[in-house]
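Novice: In case you want the letters, here they are:
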Amino acid sequence: MAGQPRRTALYDWHIKHGARMTTFAGWEMPVQYADGPLEEHHATRRTAGLFDIDHMVQIEVRGSQAESYLNQLLTYDVRRLKPFTAHYTCLCYHDGGIVDDPLVYRLAEDNESEGTPYYLLVMNAANGEKALAWMRAHINSFEVTLRDVSEQIYMLAVQGPRALEILSLLTSVDLADLPRFGVVRGTLWDEVPTLFSRTGYTGEDGFELFFPSEYAEQVWERILTEGAPVGIKPAGLAARDSLRFEAGMPLYGREISPYYTPIEANLRFALSLHKNFVGRDALLKQELEGTTRTLIGFEMSDRSVPRHGYTVRYNGVDVGEVTTGMYSPSTGRYLGMAYVPPGIAHMGAEIEIVIRDRPRRARIVPRPFYVPTYRS
Amino acid sequence: MKLDANARYTESHEWVRLEGDAMVCGITDHAQEELSDVVYVELPEVGASFNRGDQFGVIESVKAASDLYMPVSGEILAVNQELLNSPELVNKDPYGKGWMIKIKPSNPAEWDSLLTPEEYEKSVTGA
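Chains A and B supply the protein sequences, listed in that same order. Just remember that the working numbering sits 65 ahead of the position in the first sequence, which is counted from 1. Just remember that the working numbering sits 1 ahead of the position in the second sequence, which is counted from 1.
Next comes chain A alone, as it looks inside the complex:
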């Protein structure tokens, strides 16, 4: 990532409100505010958390062949997308390694429109350029245009059991009826054209909002004001990481990367192996013949904090590596995710995590560690 880190429109607000900043994927983002990551995590699970996620990259895909173009590229069958819904998918290399794991939205100009759909891909900040290059390399003769709209569109996430109630004070759109992964056009206080998406990266009910960048601070402050009575808190990247981790959601650069495939990462819900796409042959082969490693969850039996990069040992042999590990605020347990050979990946299996040169006992446990509320 060359040059100075970029700043979102809320940078000054974050600084003014006691945020500790960190450089993440080329952006200077709040890692926590004054109350600390644990408080922000609990606020999101119990009431609501507000996240600046404008570092995310948004790519619009338009054209008469947008659907068939995306379908030869994305692992998920976009023909299955109903208008105004989103689905999690991967974008792969030919060997099945992951370029990025976007959410793909099927949209239209207005809520009633039956006209030509267009698509919005929301990607990781770190991957925007390489993913866009990979997508452009596969345009061939498709009638399609790709446009990076990240500059024009601001992105915030309001997450938690009270998110619906708070946002409903700011819009006349009926958000309560919006299903998980549904999206609807509307306005905030009859002024700000907004796309409301019932999605998120926390394991809680909640929304991700897309609106014109010039309203960033206004929207942010109005949500905090309306949410104050129920105890909404601005939340930083540390809380975002612990929330997604407990909910079993992968993070690019940790659980997924060009070196891992969606099969190894147990992301089968992102795959439509019946249709052709870049990387499908490699993934089909893995599905039929098996893989050499698979992603598991584990809990420390000896108290200690597992972290990214620590070695996993089984019967005295190094067998894998921790992708993410931490103290899990909602369960009070020390948990991790790791890649291990499928042969030892059964529930209750005893493994060891090497923490500061000392092997510590752990055992394989089910994921997610925290069952998302919208699933129960």
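Since the hints were made in silico from the structure, they are not lab data. Possibly wrong hints are sitting among the right ones.
What the hints assert, rightly or not - Over 10 Å on every C-beta distance to chain A, these chain B residues come out as not near it, computed from the model:
#, residue
1, LEU78
2, GLU111
3, ASP113
As the list claims (entries may be wrong) - Only pairs whose alpha carbons sit at most 27 Å apart, straight line, appear in this in silico DSS-like list of lysine-lysine:
#, chain 1, residue 1, chain 2, residue 2
4, B, LYS3, B, LYS123
5, B, LYS103, A, LYS81
6, A, LYS81, A, LYS340
7, A, LYS340, A, LYS350
8, B, LYS93, B, LYS103
9, B, LYS123, B, LYS98
10, B, LYS93, B, LYS3
11, B, LYS93, A, LYS81
12, A, LYS81, B, LYS64
13, B, LYS64, B, LYS3
14, B, LYS64, B, LYS105
15, A, LYS81, B, LYS123
Think of the CB as a built atom: it goes at the ideal place given N, C-alpha and C, for glycine as much as any other residue.
Guided by the hints, dock chain B onto chain A, whose structure is given.
Specialist: Just chain B now, with coordinates in the frame of chain A:
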């Protein structure tokens, strides 16, 4: 930054206080703030002996793991067992309930070479 006027300090951000013939040790308010939320503390066995500057334990926050260093040479008389289940006490009360070890110093004169509150404050703020 809060300081305990009765304590002495190290450049590695431990504080020490005299308690009769023993010395009590923890980490400073500045250190806990830098660490952010503490989620795990590993302390030595009672009876273990260390030299000044030896690592006696580990503290882990949401952010990272850091080593804890002996401010003076001596034997561990007691450790704060409460921190095993409530590591957040280090954040809430670093000079009180967040104490870590009680030391029987083998060379009490080392106390005199520790930083005074004013010296420690200077070393942190660079003023």
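Novice: All the hints need checking, so say for each whether the structure fits it.
Specialist: Here is how each hint holds up against the structure:
1. Distance check on B/LEU78: its Cβ is at least 23 Å (rounded) from any Cβ of chain A, clearing the 10 Å threshold; non-interface status holds.
2. At roughly 27 Å from the closest C-beta of chain A, the C-beta of B/GLU111 stays outside 10 Å, upholding its exclusion from the interface.
3. Listed as a non-interface residue, B/ASP113 keeps its Cβ farther than 10 Å from every Cβ of chain A; the least gap is roughly 33 Å.
4. Between the alpha carbons of B/LYS3 and B/LYS123 the distance comes to roughly 13 Å, so the proposed pair stays at or under 27 Å and holds.
5. Restraint check for B/LYS103 and A/LYS81: not satisfied, since their Cα atoms lie roughly 40 Å apart, outside the 27 Å limit.
6. Using a Cα cut-off of 27 Å, the hinted pair A/LYS81 and A/LYS340 is violated, with the two alpha carbons roughly 50 Å apart.
7. Among the hinted pairs, A/LYS340 with A/LYS350 is consistent with the structure: their alpha-carbon atoms are about 14 Å apart, no more than 27 Å.
8. A C-alpha spacing of about 19 Å is found between B/LYS93 and B/LYS103, which places the hinted pair at or below 27 Å, so the restraint holds.
9. Restraint check: the Cα-Cα separation between B/LYS123 and B/LYS98 comes to about 26 Å, which is no more than 27 Å; the hinted pair holds.
10. The straight-line distance between the Cα atoms of B/LYS93 and B/LYS3 is roughly 12 Å, inside the 27 Å bound, and the hint therefore holds.
11. This hinted pair checks out: B/LYS93 and A/LYS81 have alpha carbons roughly 24 Å apart, not beyond 27 Å.
12. With a CA separation close to 22 Å, the supplied pair A/LYS81 and B/LYS64 stays within the 27 Å bound.
13. Only pairs whose Cα atoms come within 27 Å are accepted, and B/LYS64 paired with B/LYS3 is accepted, the gap being roughly 22 Å.
14. Of the supplied pair hints, the one linking B/LYS64 and B/LYS105 is violated, its CA atoms being roughly 32 Å apart against a limit of 27 Å.
15. Our distance criterion of 27 Å between C-alpha atoms is met by A/LYS81 and B/LYS123, whose separation comes to about 26 Å.
Checked against the numbered hints above, the structure violates hints 5, 6, 14; every other hint is satisfied.
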